[in-house]
Amino acid sequence: MTRVLIPTGALGLGWDQAALDRGIANGPDLIAIDGGSTDSGPSYLGRGVSKYARASTKREWGLLIDAQRQAGVPLVIGTAGTCGAGSAVDWLLDITQEILAETGQSARIAVLKSDQPAVRVKAALAIGRVTPLSPAPDISDAVLDSCTNIVALAGAEQINAALATGADIVIAGRTTDTAIIAALPLANGNHAGGAWHGAKIGECGALCATHPQSGVLQIDFDATGFTVTPLADLARATPHTVSAHMLYENADPFILHEPGGHLDVTGAIYTALDDRSSVRVEGSEWVPSDRYTVKLEGARSAGFQTVVMALVRDRHYVTHVDAWCRSIETAFRAKAQDRLGLGPNDYRLELRVIGRDATMGPLETATATATATEVGVMGLVTANTAARANELGKMLNPYLLHHPLTPEEEVPTFAFPFSPAEIDRGEIFEFCLNHVMTLDSPMDAFDLHVHEVDHG
Amino acid sequence: MAELRDMVEKVRAKNAGPFWITVDVFCGSQEAFDWISAALDTGAVAALFDTPAQTLKRFDIADLHVIKISFPRAAVQGAPDDRDMHGASFAAILGELRIGD
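The listed protein sequences correspond, in order, to chains L and X.
Anchor point for the first sequence: position 346 equals 346 in the numbering used here, and the numbering is continuous, going up by one each time.
Anchor point for the second sequence: position 50 equals 50 in the numbering used here, and the numbering is continuous, going up by one each time.
Mixed in with the good hints, there may be bad ones.
[Claimed, not checked] Listed below are the simulated SDA-like cross-link pairs for lysine to any residue, each with C-alpha atoms no more than 20 Å apart in a straight line:
#  : chain 1 : residue 1 : chain 2 : residue 2
1  : X       : 57        : X       : 80
2  : X       : 10        : L       : 248
3  : X       : 14        : L       : 394
4  : L       : 51        : X       : 86
5  : X       : 10        : L       : 207
6  : X       : 14        : L       : 252
7  : X       : 10        : X       : 89
8  : X       : 10        : L       : 266
9  : X       : 14        : L       : 250
10 : X       : 57        : X       : 81
11 : X       : 14        : L       : 248
12 : X       : 10        : L       : 106
13 : X       : 14        : L       : 13
14 : X       : 14        : L       : 122
15 : X       : 14        : X       : 82
16 : L       : 394       : L       : 357
17 : L       : 122       : L       : 291
18 : X       : 57        : L       : 349
19 : X       : 57        : L       : 266
20 : X       : 10        : L       : 349
21 : L       : 51        : X       : 17
22 : X       : 14        : L       : 358
23 : X       : 57        : L       : 13
24 : X       : 57        : L       : 51
25 : L       : 51        : L       : 122
26 : X       : 14        : X       : 95
27 : X       : 14        : L       : 360
28 : X       : 57        : L       : 212
29 : X       : 14        : L       : 372
30 : X       : 57        : L       : 419
If you're looking for bench data, these hints aren't it; they were derived computationally from the structure.
Keep in mind the model is a prediction, meaning the values are calculated, not measured.
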């Protein structure tokens, strides 16, 4: 049997400390926590940074290092620093070393990096070892060269290589959400389908139970399946809450692709246990694949963006906001051509009407039955340099402040919420890979280093 | 005709990775699930999300009383033309879809 303790769905979300203490007392074999995902968008991978405040990360990570010391078992984090790029892994390693120095503790830290140099992926692409998933953007050597970061999602094999170093703490770059939980049960010879299925159920902590914000989850893996138990006082897992978690952030609720194969839960049986808070799961199947593939993620620059926002409170303008925006766009494009020599393909301009369809755009189905009190008009200018985006933003500014619907009326003035009205967002990024890469051996595309921290 | 949201427990949408949106309709009871499963037209859902019906995946999961719908994002998450980084708002327009006769 392998017992894995999961403090919460991701470092930065917090947890119920009494429940975590209970989990430590229960004698886990491993403490595993996720450090990120793509869900916050491409900027984090593009820049190679974490979304969470350093001070918050340091506080929570310090508590987990305490938990590691008390339990005397390895602590593993996957997708460190939100995106799992090397710079984000180094950021968490630096925090870890700082905590150990401040508390005078020693530790063996295994650092697994998932970064993929463009030259490696280009070589794989050239020999047909990079395969598109659906839907995949077109890629080429030029696209790969333009990525600021490319990472591959590590699976159980790479996490087990890190654990095999005897590390107290494993800081991993990009991994699948499940790999950090499934790895040790697989290494211990527990049921493979159960290992991956339990890992998927546990990847968001207590989200698979009632009282999801309590965070702490314990999963026991064995020869035939797994048992999931939330550890907070009021939290309960039921067959419904557990099986429904397969729906979460998953396009297919029965199949989960991982390096080296896929999980099929079509035949899984979920049973409530007598303690009324645990659920037993058996019958899930692991199907190994012929090739060992790892999924790739890449982000590259999508230009530089400046935002200008105006608030429109005049009822006449609220009613005619579409015509107003169209008129501004026409006048703005003519001015950009005249004064900067820029045609419509040299930059991107979008005016989104907040209060009407800024969220859904052309998919919006609601038809206004009453005129809104006010609307916001968010002007987005994207160009290939920061200076050009700012210059275009300044050119848009007077239109959003004063543009009249008709030439004969007195010049109107709309509400700017701040000065200057232009907000330079800096460089923006886009995801540009949805592919898998074939490897001969799981460690071929990953780097493992051990750091011995000795404070006596 | 009534709005789907008034017949169900919850409609939820999220990213399923940067390239997909997935929408879960929690019907709340066997009766609601059976009725909605029959009445919810996949073509109408595809049209609502402006996605080809052949790329839309639909799972009617009787055990959970859930209908799950997944489709590729028209705008990749976080791209300059994306409007909703986490994709949660797609639930709103499905919830407002009127179904039944």
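To see whether the hints hold, each was checked on the structure:
Annotation: proposed proximity of residue 57(X) to residue 80(X) is violated, straight-line Cα distance about 26 Å (limit 20 Å). With a C-alpha separation of about 14 Å, the suggested pair residue 10(X) and residue 248(L) falls inside the 20 Å cut-off, and the hint holds. The hinted pair formed by residue 14(X) and residue 394(L) fails the criterion: a straight-line CA distance of about 36 Å is larger than 20 Å. In summary, the hint linking residue 51(L) to residue 86(X) is supported, as the alpha carbons are separated by about 15 Å, within the 20 Å threshold.
Restraint check for residue 10(X) and residue 207(L): the C-alpha separation of about 16 Å stays at or below 20 Å, so the hint holds. Taking the CA atoms of residue 14(X) and residue 252(L), the gap is about 13 Å. The hint holds against a cut of 20 Å. Restraint check for residue 10(X) and residue 89(X): satisfied, since their Cα atoms lie roughly 13 Å apart, inside the 20 Å limit. A C-alpha spacing of about 24 Å is found between residue 10(X) and residue 266(L), which places the hinted pair above 20 Å, so the restraint is violated.
Restraint check for residue 14(X) and residue 250(L): the C-alpha separation of about 9 Å stays at or below 20 Å, so the hint holds. Restraint check for residue 57(X) and residue 81(X): the C-alpha separation of about 24 Å exceeds 20 Å, so the hint is violated. At most 20 Å may separate the alpha-carbon atoms for a hinted pair to count; residue 14(X) and residue 248(L) meet this at roughly 8 Å. The straight-line distance between the Cα atoms of residue 10(X) and residue 106(L) is roughly 49 Å, outside the 20 Å bound, and the hint therefore fails.
Only pairs whose Cα atoms come within 20 Å are accepted, and residue 14(X) paired with residue 13(L) is accepted, the gap being roughly 18 Å. Proximity of residue 14(X) to residue 122(L) is assessed by CA-CA distance (about 32 Å); at most 20 Å being required, the pair is judged violated. Pair hint residue 14(X) plus residue 82(X) holds up; C-alpha atoms about 14 Å apart against a cutoff of 20 Å. Using a Cα cut-off of 20 Å, the hinted pair residue 394(L) and residue 357(L) is violated, with the two alpha carbons roughly 25 Å apart.
Between residue 122(L) and residue 291(L) the CA atoms are separated by roughly 19 Å; this keeps the pair inside 20 Å, and the hint holds. Distance restraint check for residue 57(X) and residue 349(L): the Cα-Cα separation of roughly 33 Å exceeds the 20 Å cut-off, and the hinted pair is therefore not satisfied. Between residue 57(X) and residue 266(L) the CA atoms are separated by roughly 16 Å; this keeps the pair inside 20 Å, and the hint holds. The straight-line distance between the Cα atoms of residue 10(X) and residue 349(L) is roughly 36 Å, outside the 20 Å bound, and the hint therefore fails.
With a CA separation close to 17 Å, the supplied pair residue 51(L) and residue 17(X) stays within the 20 Å bound. Straight-line distance between C-alpha atoms of residue 14(X) and residue 358(L) comes to about 18 Å, which keeps the hinted pair within the 20 Å bound. For a cut-off of 20 Å, the pair hint linking residue 57(X) to residue 13(L) is broken: about 31 Å separates their Cα positions. A hinted pair counts as satisfied when its Cα atoms are at most 20 Å apart, and residue 57(X) with residue 51(L) does not qualify at roughly 32 Å.
With a C-alpha separation of about 29 Å, the suggested pair residue 51(L) and residue 122(L) falls outside the 20 Å cut-off, and the hint is violated. The suggested pairing of residue 14(X) with residue 95(X) holds, with an alpha-carbon distance near 14 Å, which does not exceed 20 Å. For the suggested pair residue 14(X) and residue 360(L), the alpha carbons sit about 14 Å apart, so the restraint of at most 20 Å is met. A hinted pair counts as satisfied when its Cα atoms are at most 20 Å apart, and residue 57(X) with residue 212(L) does not qualify at roughly 28 Å.
Taking the CA atoms of residue 14(X) and residue 372(L), the gap is about 28 Å. The hint is violated against a cut of 20 Å. Restraint check for residue 57(X) and residue 419(L): the C-alpha separation of about 47 Å exceeds 20 Å, so the hint is violated.
Against the hints set out earlier in the document, violations occur for numbers 1, 3, 8, 10, 12, 14, 16, 18, 20, 23, 24, 25, 28, 29, 30.
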